[in-house]
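J.: Here's the letter readout for the chains.
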Amino acid sequence: MLLPIALVAALYDRKLRRARESLETLSGQLERLQGSFHRFVPQYVVEDIIQRGVSTRGEQRPVTILFADIVDFTAMCERAGPELVVRILNGYFQRVSKIIAANNGHISKFMGDGLMAIFGALEPNPWQVLDAVKAAYAMRLAVMDYNRELQAQGLAPLGIGIGVHCGDAVAGVIGSGELVEYTVIGDAVNTAARIEKLTRKHQTGILLSVNVREKLDDRFLIREMPPSEVKGKPEPLVTFALDKIIS
Amino acid sequence: MTIPCGLDNIEWINPCLIPPGPPMDPQTIKSARKKLGYVPEYLSGFYMVPWLYDALFAFGGVTPAVISLRLADLVALMVSQDNSCRYCYGLARTMLQLTGMSETQVRKLEQDFYLLDLAPSEKAALALARKISRANPIPAPGDGAQALAAGNSKLALAEIAGVAGVSLFLNRMMTMTAAQPSPLEQAVKGSMAFVKKPLRRILYKLTRKPGQSVPLTDAQKRLPFGELFTALEGVPHAVLFANTLDGMLASQILPRRCKALIFAVIARALQCGAFEQAALNLIQRQGLSGNEAREILDRLSSPLLTPMEAILIPVARETVRGQPNQIQPRILHIRDQIKPDEFVEFIGVASLANALARMSCVINFC
Numbered sequence: 030m031l032l033p034i035a036l037v038a039a040l041y042d043r044k045l046r047r048a049r050e051s052l053e054t055l056s057g058q059l060e061r062l063q064g065s066f067h068r069f070v071p072q073y074v075v076e077d078i079i080q081r082g083v084s085t086r087g088e089q090r091p092v093t094i095l096f097a098d099i100v101d102f103t104a105m106c107e108r109a110g111p112e113l114v115v116r117i118l119n120g121y122f123q124r125v126s127k128i129i130a131a132n133n134g135h136i137s138k139f140m141g142d143g144l145m146a147i148f149g150a151l152e153p154n155p156w157q158v159l160d161a162v163k164a165a166y167a168m169r170l171a172v173m174d175y176n177r178e179l180q181a182q183g184l185a186p187l188g189i190g191i192g193v194h195c196g197d198a199v200a201g202v203i204g205s206g207e208l209v210e211y212t213v214i215g216d217a218v219n220t221a222a223r224i225e226k227l228t229r230k231h232q233t234g235i236l237l238s239v240n241v242r243e244k245l246d247d248r249f250l251i252r253e254m255p256p257s258e259v260k261g262k263p264e265p266l267v268t269f270a271l272d273k274i275i276s
Numbered sequence: 062m063t064i065p066c067g068l069d070n071i072e073w074i075n076p077c078l079i080p081p082g083p084p085m086d087p088q089t090i091k092s093a094r095k096k097l098g099y100v101p102e103y104l105s106g107f108y109m110v111p112w113l114y115d116a117l118f119a120f121g122g123v124t125p126a127v128i129s130l131r132l133a134d135l136v137a138l139m140v141s142q143d144n145s146c147r148y149c150y151g152l153a154r155t156m157l158q159l160t161g162m163s164e165t166q167v168r169k170l171e172q173d174f175y176l177l178d179l180a181p182s183e184k185a186a187l188a189l190a191r192k193i194s195r196a197n198p199i200p201a202p203g204d205g206a207q208a209l210a211a212g213n214s215k216l217a218l219a220e221i222a223g224v225a226g227v228s229l230f231l232n233r234m235m236t237m238t239a240a241q242p243s244p245l246e247q248a249v250k251g252s253m254a255f256v257k258k259p260l261r262r263i264l265y266k267l268t269r270k271p272g273q274s275v276p277l278t279d280a281q282k283r284l285p286f287g288e289l290f291t292a293l294e295g296v297p298h299a300v301l302f303a304n305t306l307d308g309m310l311a312s313q314i315l316p317r318r319c320k321a322l323i324f325a326v327i328a329r330a331l332q333c334g335a336f337e338q339a340a341l342n343l344i345q346r347q348g349l350s351g352n353e354a355r356e357i358l359d360r361l362s363s364p365l366l367t368p369m370e371a372i373l374i375p376v377a378r379e380t381v382r383g384q385p386n387q388i389q390p391r392i393l394h395i396r397d398q399i400k401p402d403e404f405v406e407f408i409g410v411a412s413l414a415n416a417l418a419r420m421s422c423v424i425n426f427c
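Chains as they are written, first to last, in the working numbering: chain A, 30 to 276; chain B, 62 to 427.
Think of the hints as simulated: they come from the structure by calculation, not from any bench. These numbers come from a predicted model, not from an experiment. A hint or two may mislead.
[Stated by the list, open to error] Computed list of chain B residues with no C-beta within reach of chain A, every gap over 10 Å:
(1) 197
(2) 201
(3) 250
(4) 251
(5) 269
(6) 280
(7) 331
(8) 348
(9) 361
(10) 378
(11) 401
[Said to hold, decoys possible] No more than 30 Å apart at the CA atoms, straight line, and that leaves these computed lysine-lysine pairs for DSSO-like:
(12) B:400 <-> A:44
(13) B:400 <-> A:163
(14) B:250 <-> A:163
(15) A:273 <-> A:226
(16) A:44 <-> A:138
(17) A:273 <-> A:230
(18) A:244 <-> A:226
Every residue gets a Cβ at the ideal spot worked out from N, C-alpha and C, and that includes glycine.
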């Protein structure tokens, strides 16, 4: 009589132990995912989502936004095969991502050959403008370096345009259902995007807004560009080209 | 089955970044071994900076006078986990196991502190400790009011800030040191853990007593940042931090102006206005005008900076928010640019500034 009971108890105990082990493995995986997610999102947002399934917090914060994309990327895609395009693009993104992170920024999104990086969104950063401009300059130097590698392989060099602007924006988790992202929205974001587009018109690699210019000192060698009409802005935009940073 | 935990995910440089100092006398080594259980590789390096060497033991041995030892241990775990300090986090986990928790319970705690059966006042205290540690932003008076309303006394809040501050100081110090995991972690692992763990548990129960508070002297209250120490008066951490700051300011290794600038940069990074102003007052006593000092803080650069300040000021800023895999390479980069004792003292000054600036919120609610 006792033997069957003992057998059942042993079987049950084994099942329970296996269930516990699976739970522990899943917990560990969730924790690693949390850790990775946390790098791109403030910790309190991650905790909100875990506890409530959603984060509805939105905050107005002063941020600096950097937009960058590759010049004539469409033409490059038409010339090169898809595998080569992906390889070149990933090589570029790898380099510029490191630079942005090293300068206390984070990439909010990749948009084809372009990216949007934010400085000062996850945590207060009194030097966010300096960080963003230094990142832009370092990105330009990194691309020049990358181009030497590409040209050594018989490939065409890349050109990039970068626009930097600072202002107040709303930061929060935006989206619905399964597609959400932590990002910033507002006029400052649109302005940064417009400034990046102006790099083509002004034939220069890095353009900065008036707001950014006001926060820079004489280590940053810049030239004022002629005001340009842009979509969505009542007044022409004044921008400044960054030529060099003196160490 | 090995249960993976947060410790496994921390990227940490090996070996330790502290250069070895001159040989220590046998008596000092014996005393260190008695207190720590072993002689860490960084100890002779810290010995080059007396105030920091003393602080290491004083901070490591302080126990709370008002809040429970358990709550203090939980704060230490939470803050160390948040800061991803491999050394302190490992030690905090070990302490909780040596004082009664199982590995499974500690793992659950790491995932969500609020799974533990805590009183509302303790939960509020932990929440406040987390806000102090993260400083995103620095806690406002309302945060202190919430913790008081949950049943904590002002003295308890002062002690929570003190305990969080101790963890913050040690976390930063050990991160910049890249201190390797303490051998004490083995007391709860391996085949002999079933013997070692209960023995250690008894030892800690016998030796860990509640702390005693000592009143501040008038001289300590008049120190720079004295308002903070006054707000902490009544808990052991007031005198602990006051003595450490006094020792730091009196040390002749790094110039006082350099130390004050490091404090000011860290205060600016944490957006702690009152703390920044106190640091600026100190800077002005060293010969720079207010405008000159503010310009340095705005740019993190200036022709007025000495070569050493030009190296250390930008790195001080990097010690505020980064994870170990960001901070440690930056610290390694400057190690060979300055003298060993200057390097070690910089680590101490930056760690102290990070702790004090975050704790300064307590002035508004104690």
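J.: Work down the list of hints and note, for each, if the structure agrees.
T.: Hints versus structure:
{"no.": "1", "hint": "197", "verdict": "violated, 5 Å"}
{"no.": "2", "hint": "201", "verdict": "holds, 14 Å"}
{"no.": "3", "hint": "250", "verdict": "holds, 17 Å"}
{"no.": "4", "hint": "251", "verdict": "holds, 20 Å"}
{"no.": "5", "hint": "269", "verdict": "holds, 30 Å"}
{"no.": "6", "hint": "280", "verdict": "holds, 33 Å"}
{"no.": "7", "hint": "331", "verdict": "violated, 8 Å"}
{"no.": "8", "hint": "348", "verdict": "holds, 22 Å"}
{"no.": "9", "hint": "361", "verdict": "violated, 6 Å"}
{"no.": "10", "hint": "378", "verdict": "violated, 7 Å"}
{"no.": "11", "hint": "401", "verdict": "holds, 26 Å"}
{"no.": "12", "hint": "B:400 <-> A:44", "verdict": "violated, 61 Å"}
{"no.": "13", "hint": "B:400 <-> A:163", "verdict": "holds, 29 Å"}
{"no.": "14", "hint": "B:250 <-> A:163", "verdict": "violated, 47 Å"}
{"no.": "15", "hint": "A:273 <-> A:226", "verdict": "holds, 20 Å"}
{"no.": "16", "hint": "A:44 <-> A:138", "verdict": "violated, 44 Å"}
{"no.": "17", "hint": "A:273 <-> A:230", "verdict": "holds, 20 Å"}
{"no.": "18", "hint": "A:244 <-> A:226", "verdict": "holds, 22 Å"}
When each numbered hint is compared with the structure, violations occur for hints 1, 7, 9, 10, 12, 14 and 16.
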